[in-house]
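Novice: What follows is each chain in one-letter form.
There are 2 protein chains.
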Amino acid sequence: MPLAADLAAWVRLSLTSGLSGESLRKLLAAFGGPEQVLEASRAALSGVVTAKIADAILGAELHGDPAAVEAWLGDANNRVLTLADAEYPRALLQTPDPPPLMYVKGRLDLLNRPAIAVVGSRNATAQGKLTAEAFATALSNAGLTVISGLALGIDAAAHRGGLAGLSSTLAVVGTGLDKVYPARNRDLAHAIAEKGAILSEFPLGTPPLAANFPRRNRLISGMARGCLVVEAAMSSGSLITARIANELGKDVFAIPGSIHSTLSKGCHVLIKQGAKLVDDAADILGELRLPVPAGAPANRASALFSHPLLAHMAFDPVDIDTLAGRAGLQAHEISAALIQLELEGAVAALPGGLWQRLI
Amino acid sequence: MPLAADLAAWVRLSLTSGLSGESLRKLLAAFGGPEQVLEASRAALSGVVTAKIADAILGAELHGDPAAVEAWLGDANNRVLTLADAEYPRALLQTPDPPPLMYVKGRLDLLNRPAIAVVGSRNATAQGKLTAEAFATALSNAGLTVISGLALGIDAAAHRGGLAGLSSTLAVVGTGLDKVYPARNRDLAHAIAEKGAILSEFPLGTPPLAANFPRRNRLISGMARGCLVVEAAMSSGSLITARIANELGKDVFAIPGSIHSTLSKGCHVLIKQGAKLVDDAADILGELRLPVPAGAPANRASALFSHPLLAHMAFDPVDIDTLAGRAGLQAHEISAALIQLELEGAVAALPGGLWQRLI
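Line by line, the protein sequences give chains A and B. First residue of the first sequence: 1, per this note's numbering; consecutive thereafter. First residue of the second sequence: 1, per this note's numbering; consecutive thereafter.
The hints are simulated quantities; they were obtained by calculation from the structure and are not laboratory data. Some clues are possibly wrong.
Short derived list, chain B residues pointing at chain A, Cβ under 8 Å [unchecked claim]:
| no. | residue |
| --- | --- |
| 1 | Thr131 |
| 2 | Ala134 |
| 3 | Ser258 |
| 4 | Ile271 |
With a straight-line cut-off of 25 Å between C-alpha atoms, the simulated BS3-like cross-links for lysine-lysine are [claimed, not checked]:
| no. | chain 1 | residue 1 | chain 2 | residue 2 |
| --- | --- | --- | --- | --- |
| 5 | B | Lys52 | A | Lys272 |
| 6 | A | Lys265 | B | Lys179 |
| 7 | B | Lys272 | A | Lys250 |
| 8 | A | Lys276 | B | Lys272 |
| 9 | B | Lys276 | A | Lys272 |
| 10 | A | Lys179 | A | Lys195 |
| 11 | B | Lys250 | A | Lys276 |
| 12 | A | Lys272 | B | Lys272 |
| 13 | B | Lys52 | A | Lys276 |
| 14 | A | Lys265 | B | Lys276 |
| 15 | B | Lys195 | A | Lys250 |
Each residue gets a CB set at the ideal place from its N, CA and C atoms; glycine is no exception.
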């Protein structure tokens, strides 16, 4: 089924070579709508944009194929949203550079719900990913849709956590929506398309280009009420997302870690610059003036690791006999519990038969 | 050798049952000095303190033995300091409750040098103790005497680190100075008495009493320019020290850690309340507007302390001509010495031709 005339005009303009979102918004303001822009004379267009861009509009010089968009819209789960659509994310209208057109797969209702960005390192630690997932689930259960960038590491964990909660998750990607990047997140992307939403401002077919990721980050910040950074090295993309969030007047939250971990350096810099240190999802809800759900496990990691044996372990190495004495258990019971806790990442076996609590 | 009359009067009043430091300061203000207090009539005393305390003063009702103080002062390394002594820590005079009399073992010069409190949990992790020691050494090398409470864990590590640096360490304890508590810190206490200083406001023979430790903490905060908390559980004594430091208008610094470690909870709470997150000793020096030494020298000759020029420098910036006048040397001789001292990290060149002593 061919596109409606006005949507066809939006798509054609969004694909016009050299025509930025900013220039397109100026044209729309000048002429009233996309069809009026396409009917305007070269002289009239040149009063708003450069002659080169006016020629590109008039000559239909495109960097993408409208027919591909039409085909893609054959899937009922896919939608193109423009600035004129009621479903367009209203939060983005408060930002300096809202994309005139975006591609969305999944639940449109998520685009206008209270949301929180949860971002961090692609090279996250196992503990960092557990933390991101636990916070995301808690925040999702408290009514915040979790927005992230579908990267490996913290992003993927945040999406998984958001999906597990009540308010789902929204992935904002830097490629065309017909591409899943990175490939290792294919299953996750499908789950999000089904139970959450994936969004991109980039035309179908756009490959992963480094230059596009900072643009993607501005949408993540722009759609969220606040931005939580879980693990981030210095000079990482997550710090860009946090900086944009701060510039937009949103709260920035960061989770601290060991001063000896390079993956905590970025979070510590953010806190020094004024980001709020959080060690519990309730900290974020309080700052955003949202109620903390009653009886909700604040974060799964602490629930997971509340094994009674841990109460008898400090963070210094200890042997099994000492632990048995402290806990009033037999050594073989202690051994069994330690092995379980080791599998869960809560303790580590050290040389010499010693054990150390990790969390 | 018997005590001088005025010191004997100070000691007797400090040991008088029921006479608090606050009441003693009131009496001193009213009568002019300790001997005058002891010569005052019951009626005159009762105009300032309760009749019960006046009777205790007149009846020499003591909770300690002045003869024991006399015997203790037989060791040349021991001193009793009163509010009237030039060596009394001037910083404490800015606090609401300076002890009228204190017992000191070791280097009196440390009591009036720039200092930083480094405190934390008795049940610290191995990593926490390493961190405390490393920060303490760096701060000591940068010109800050490290003050702590001689407890196990972070306190002991802070003292060791301070001793290893150029500006040594000061232990403020909650027992009589003839008691070493905890016993496991005996060797450390001896090293501090020799190369640093230990002080207590509590009479000789005072055992470790829980009620005395918060009082001890107020001296730690009161003598320091800022307070660094390395690892602390919720509701720990370190948080009291930090709170007092904050109330006294001093900077509070805290080292973050894993959100899953109970020993970082206290530090995280402090940061949420406004303490400065630090992950490098340079953060503290910057906040206190102290220069960061070029290197991180661990082994510097103690002969440096006796460089004649340093005796003419306070820790405030000074110009070369002033120094030349003080030292009775030519300006070019001062310049040469300063350059040598700068290379050794003992002084820093400031803008405007000024120099500042660091150690």
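Novice: Each of the hints needs a verdict: does it hold here or not?
Specialist: Evaluation of the provided hints:
Evaluation of the Thr131/B hint against chain A yields a held restraint, the C-beta minimum of about 7 Å falling below 8 Å. Because the smallest distance between the Cβ of Ala134/B and any Cβ of chain A comes to about 10 Å, over 8 Å, the interface hint for this residue is violated. The interface hint given for Ser258/B is met, as the beta carbon of that residue sits about 6 Å from the closest beta carbon of chain A, less than 8 Å. Given the 8 Å rule on beta carbons, the hint for Ile271/B holds: about 5 Å separates it from the nearest Cβ of chain A.
Restraint check: the Cα-Cα separation between Lys52/B and Lys272/A comes to about 54 Å, which exceeds 25 Å; the hinted pair is violated. Among the hinted pairs, Lys265/A with Lys179/B is inconsistent with the structure: their alpha-carbon atoms are about 43 Å apart, more than 25 Å. Of the supplied pair hints, the one linking Lys272/B and Lys250/A holds, its CA atoms being roughly 18 Å apart against a limit of 25 Å. Between Lys276/A and Lys272/B the alpha-carbon distance is near 7 Å, which keeps this suggested pair within the 25 Å criterion.
With a C-alpha separation of about 7 Å, the suggested pair Lys276/B and Lys272/A falls inside the 25 Å cut-off, and the hint holds. Between Lys179/A and Lys195/A the alpha-carbon distance is near 18 Å, which keeps this suggested pair within the 25 Å criterion. Proposed proximity of Lys250/B and Lys276/A is supported: the alpha carbons are some 21 Å apart, at most 25 Å. Taking the CA atoms of Lys272/A and Lys272/B, the gap is about 11 Å. The hint holds against a cut of 25 Å.
For a cut-off of 25 Å, the pair hint linking Lys52/B to Lys276/A is broken: about 53 Å separates their Cα positions. A threshold of 25 Å between alpha carbons decides the hint, and for Lys265/A with Lys276/B the separation of about 15 Å falls inside it, so the pair holds. Distance restraint check for Lys195/B and Lys250/A: the Cα-Cα separation of roughly 52 Å exceeds the 25 Å cut-off, and the hinted pair is therefore not satisfied.
Figure legend: structure checked against the earlier numbered hints; hints not met, in rising order: 2, 5, 6, 13, 15.
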